[in-house]
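Novice: Protein chains in written order, with this note's numbering: chain A, 44 to 363; chain B, 200 to 481.
It should be emphasised that the hints constitute simulated quantities derived from the structure, not laboratory data. Even glycine gets a Cβ: it sits at the ideal position worked out from N, Cα and C. Each hint should be verified, as a subset may be incorrect.
EDC-like, lysine to aspartate or glutamate: derived pairs with alpha carbons at most 20 Å apart [unchecked claim]: (1) Lys436/B - Glu270/A; (2) Lys294/B - Glu360/A; (3) Lys354/B - Glu274/B; (4) Lys337/A - Glu320/A; (5) Lys292/B - Asp281/A; (6) Lys292/B - Asp48/A; (7) Lys316/B - Asp250/B; (8) Lys347/A - Glu274/B; (9) Lys94/A - Asp148/A; (10) Lys292/B - Glu284/A.
What the simulated footprint calls covered on chain B by chain A, stretch by stretch (three residues with Cβ under 8 Å from a Cβ of chain A suffice, anywhere in the stretch; the number is not a length) [stated by the list, open to error]: (11) 236-248; (12) 314-323; (13) 353-364.
Computed list of chain A residues with no C-beta within reach of chain B, every gap over 12 Å [unchecked claim]: (14) Gln65; (15) Ser77; (16) Asn95; (17) Gln118; (18) Gly143; (19) Ser151; (20) Arg166; (21) Asp296; (22) Asn300; (23) Lys331; (24) Lys337; (25) Lys351.
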Amino acid sequence: MTHLDFEKPVIELCEQLEKAKQIAEKSNIDMSTSLTEIEKRIDITRKEIYKNLSPWQKVQISRHPERPYTLSYIQAITDNDFIELHGDRNVKDDKAIIGGIGSIDGESVMFIGHQKGNNTKMRQYRNFGMANPEGYRKALRLMKMAEKFNKPIITFIDTPGAFPGLEAEERGQGEAIARNLFEMFQLKVPVICVVIGEGASGGALGIGVGDKVFMLEYTWYSVISPESCSSILWRSWDYKEKAAEALKLTAKDMFSNKLIDGIIEEPIGGAHNNPDEMYKIVKRELKKYIAKLKLLSPEERIQKRIEKFCNMGVYDEIKN
Amino acid sequence: MANWFSRIKQGITTKTKDKKETPEGLWYKCDSCHKIVPHEDHENNFFVCTDCGYHQRINSKTYLKILFDENKYKELNPELIAADPLNFVDTKKYKERLITSIQNTGLTDAITTAYGKIDGQKAVIGCMNFEFIGGSMGSVVGEKISRAIDLCLEKKVPLILISKSGGARMMEAAFSLMQMAKTSAKLTLLASAKLPYISILTDPTTGGVTASYAMLGDINMAEPGALIGFAGPRVVKETIGKALPKGFQTAEFVLEHGFLDLIVHRKELKTKVAQLIRLYSN
């Protein structure tokens, strides 16, 4: 298991627990009281650490290599009743955005999401979750198909950004994202978006226009990553913590700035600490909001979706 | 030996009253081919180099003058100015950056929107100001475009947006990001009302502006040689780790790849826009 530096006190306790268990085994002494004592302390320490995380620490958790990715959520939520659908019907099948149809307790849903890999080889195969234009166009094709068959759409956002490559530019990265924003506003079916990891810039927003947009507790969403922000505004890579602070990119900040509709709580110690519990929570929330959104007519949903995004922004008016 | 180095006449001998003055701004030196031409000729050629055709970056005032009949128009929502919702501080306070920009440019934010007539046809134009924090899109740009579209819907007139921007404004973080969604949302209403939207991409148009309204025109047109892209050329170069091909991300490149309808020389800009409005409104 990979650990982040601020998790150190928990790791030390875990090691103590291991040692105590070994001693108990070897010496046949009843140590159950001290074992439960250590376990309790692990729980308390973990809660304490996770209660006081800095924005940068949350960014680190959002990128934790053991954090579940889109396909794991889909498989768990659909109980493996899911078929992945490939290709944009134009140039390619993008591996950084996946999609397909599946069911949540018997109800069919179109799933779309950024996909990262969980080892070096897969990370490369998934292009680190950075999609090319064909990824956004595959997403749009699937969304249009969902609309045709009147199925709700769920998107999972987890990307360090749209891929800034040569071919991406040739094939119109900007146009692909812009087109998705435009089309998603007029989709007649319910759309729910969930940021499950990183939500970087246009690459995230490209599948992020929904009736409900949620963020998991330890994720981030902003116009740029803290590292790139640091390099542009401070002209150095060393100010990422400061940048993370300044960007107000945490779920809590995004919710209080009315830029998302809600926060989905994570299990203690983050999604990676208890993925099964995480899937359960996400499934419960998705079911709840699909049902709620279905009560509205398509026209009402579209109107509310547009109004919500049109209310975003803060400005002043000077009097002449 | 001749005394080459000692001065025979002392000081400058021309009297101050006989000094010849060269007025400021009489000449323009082309940024591309370095040819020097009288400023007046340069202006008469729409700030395009008479020699190499390089389109100098111009501001919204000049674009509005070029496009609107007799330079007559009504500016929309000049009262909107940027707030600082995040109390953003990097090496400088965002508030201070705003004040400096307002003072230096005489503008209120990175877009000017206006209502007037183009060849007798009513239209709304939004034109970005690159000199205002790199033409960056924040809440004010989003709101001004949003209100400009409201006016288009009310008056049933076409929309023209002239983009010139480095992308979203970092100092408004996610608020800026959401302006991409907001402007796109409004454009769907314009589309439902069957009102034409002409997007004019000028040098440079990148980032979140390219990835939202700039690429969503019913007609996407650009000025020759304009830099147009999503990621900036420096970032792309870093990603691929080698030199970029010649002409990469120019208007001509973007047209060849199918994302522009036409490239128009600035001196024909008004004629083409007017013609398009007429052809689509008939």
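Novice: Would you mind marking each hint as holding or not holding in the structure?
Specialist: Cross-check of the supplied hints:
1. Lys436/B - Glu270/A: Holds, at about 18 Å.
2. Lys294/B - Glu360/A: 15 Å, holds
3. Lys354/B - Glu274/B: 15 Å, holds
4. Lys337/A - Glu320/A: Outside the cut-off at roughly 26 Å; violated.
5. Lys292/B - Asp281/A: 19 Å, holds
6. Lys292/B - Asp48/A: 31 Å, violated
7. Lys316/B - Asp250/B: Between Lys316/B and Asp250/B the Cα gap is close to 32 Å, so the pair fails against 20 Å, i.e. violated.
8. Lys347/A - Glu274/B: Status violated; Cα separation ~30 Å.
9. Lys94/A - Asp148/A: Answer violated: Lys94/A to Asp148/A is near 34 Å, above 20 Å.
10. Lys292/B - Glu284/A: Given pair Lys292/B, Glu284/A holds - Cα atoms ~17 Å apart, limit 20 Å.
11. 236-248: Per the Cβ count (0), the hint is violated.
12. 314-323: violated (count 0)
13. 353-364: violated (count 0)
14. Gln65: At roughly 49 Å from the nearest Cβ of chain B, Gln65/A sits farther out than 12 Å, so the non-interface label holds.
15. Ser77: 47 Å, holds
16. Asn95: Asn95/A clear of chain B: closest Cβ-Cβ about 21 Å, beyond 12 Å.
17. Gln118: Check passes; 30 Å lies beyond 12 Å.
18. Gly143: 25 Å, holds
19. Ser151: About 26 Å separates Ser151/A from the closest Cβ of chain B, which puts it past 12 Å; holds.
20. Arg166: 16 Å, holds
21. Asp296: 8 Å, violated
22. Asn300: 7 Å, violated
23. Lys331: It holds; Lys331/A is separated from chain B by about 24 Å at its closest Cβ, greater than 12 Å.
24. Lys337: The assertion about Lys337/A holds, with a minimum of 22 Å to chain B.
25. Lys351: Incorrect as stated: the minimum Cβ-Cβ distance to chain B is 9 Å, not above 12 Å.
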